[in-house]
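S.K.: Each residue of the sequence shown is one higher than the last, beginning at 1 in our numbering.
Note that these hints are calculated values from the structure, not bench results.
Backbone N, C-alpha and C define an ideal beta-carbon position, used for all residues, glycine too.
Hints should not be assumed to be uniformly reliable.
To be verified - Label pairs and their computed distance ranges (CB to CB):
| no. | residue 1 | residue 2 | range |
| --- | --- | --- | --- |
| 1 | Ser2 | Leu271 | 34 to 44 Å |
| 2 | Leu203 | Glu29 | 43 to 53 Å |
| 3 | Val198 | Val221 | 21 to 31 Å |
| 4 | Asn174 | Phe7 | 19 to 29 Å |
| 5 | Asn174 | Leu60 | 16 to 26 Å |
| 6 | Leu28 | Leu60 | 30 to 40 Å |
| 7 | Leu128 | Val221 | 32 to 42 Å |
| 8 | Phe41 | Tyr20 | 15 to 25 Å |
| 9 | Ile150 | Pro217 | 31 to 41 Å |
| 10 | Leu203 | Lys54 | 28 to 38 Å |
| 11 | Glu62 | Val200 | 22 to 32 Å |
| 12 | Gln57 | Asp175 | 13 to 23 Å |
Stated by the list, open to error - Dumping the calculated DSS-like pairs for lysine-lysine here, alpha-carbon to alpha-carbon at most 25 Å:
| no. | residue 1 | residue 2 |
| --- | --- | --- |
| 13 | Lys297 | Lys121 |
| 14 | Lys4 | Lys297 |
| 15 | Lys118 | Lys101 |
| 16 | Lys4 | Lys170 |
| 17 | Lys179 | Lys54 |
| 18 | Lys121 | Lys101 |
| 19 | Lys170 | Lys297 |
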Amino acid sequence: MSSKSIFSLLILNVVWSSFYVVNRFSLLELSPIFVGVTVRFLALIFLVIFIFLKGYQKNLIEVRSVMPKLILIGILGFSLDITAFLGLQLSTASNAAILLKADVLFTNFISIFLLKQKFTKVDWVLTLFILLGTLLVINIDFTKFKLNGIGDFLFILSALFVALNGFIIKSVQNDPRVKVRDSTVAFYNNLITFSIFVIVFILFERKIDQKTISEHPMLIVSLIYTGIMQTLIYILYYYNLRILPVWIVRITLLLMPVFASFIGFFLLGELLSGLQIIGMIIVLLSTMGIILVQKNKKADKK
Numbered sequence: 001m002s003s004k005s006i007f008s009l010l011i012l013n014v015v016w017s018s019f020y021v022v023n024r025f026s027l028l029e030l031s032p033i034f035v036g037v038t039v040r041f042l043a044l045i046f047l048v049i050f051i052f053l054k055g056y057q058k059n060l061i062e063v064r065s066v067m068p069k070l071i072l073i074g075i076l077g078f079s080l081d082i083t084a085f086l087g088l089q090l091s092t093a094s095n096a097a098i099l100l101k102a103d104v105l106f107t108n109f110i111s112i113f114l115l116k117q118k119f120t121k122v123d124w125v126l127t128l129f130i131l132l133g134t135l136l137v138i139n140i141d142f143t144k145f146k147l148n149g150i151g152d153f154l155f156i157l158s159a160l161f162v163a164l165n166g167f168i169i170k171s172v173q174n175d176p177r178v179k180v181r182d183s184t185v186a187f188y189n190n191l192i193t194f195s196i197f198v199i200v201f202i203l204f205e206r207k208i209d210q211k212t213i214s215e216h217p218m219l220i221v222s223l224i225y226t227g228i229m230q231t232l233i234y235i236l237y238y239y240n241l242r243i244l245p246v247w248i249v250r251i252t253l254l255l256m257p258v259f260a261s262f263i264g265f266f267l268l269g270e271l272l273s274g275l276q277i278i279g280m281i282i283v284l285l286s287t288m289g290i291i292l293v294q295k296n297k298k299a300d301k302k
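Whenever a hint applies, use it, and build me the whole structure from the sequences.
M.R.: Given below as structure tokens:
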């Protein structure tokens, strides 16, 4: 792994962490479907601006050969969101925090069984340490953990969709038939996800909670900010998927709770427990271990 790829992964973690922190504020006051529609709509606007500023708009109509995959990416993008939302209604946030991390394990297994990538014992040990550290950072009370049926199944399904989406995005990026820009993948992903959110909103909600928005003007700032961050997530995430193995990208994204905790501590005054600090240290050291192992593997191949 180069210094450039490490830096891009760190920036992605910071951006995604701030997205979750601010989006959590919106979800406390507004329905997840409305937030999903609004954030995806704003991201669509920002993506279109980005594409036209870069002069990439021609690529949007040059991707017919991979359009089925692009549609599937969008469907999975909506599916991973809606299964997580529904899971939260049927289960607990603690269960979500634990089970949604299964995307790392799904990614590893797909890498091994479908892509025939080799994982060493060190890779697995570091992966498990990062998962353990992450659970400490998000402050899970394991004594209260119990499975809650369909809600927990939806969390696991969401994690599977996350893993699958990463590999399908990678396959589009590497498709030999046509050069597909990351912004093009992001555009169609967001467009399809947004369209499905709109359909669900029309069918099940239909009302915009104008009273809540007028009583909490900061919600407008929150939604705009998350729309911008969603756009940056697309650009940075797809860039990292292009240059790195999917499993490396997914496992290093477990740094997000660490950055989110730092943001909560410094900006929101949230307290950190001793176990959370220990978890942060475990995650940081294990992630450094993964990076060093990958550097050594790359050096051995030369």
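S.K.: Identify every previously stated hint that the structure contradicts and give their numbers, smallest first.
M.R.: Result: hint 2 breaks, nothing else.
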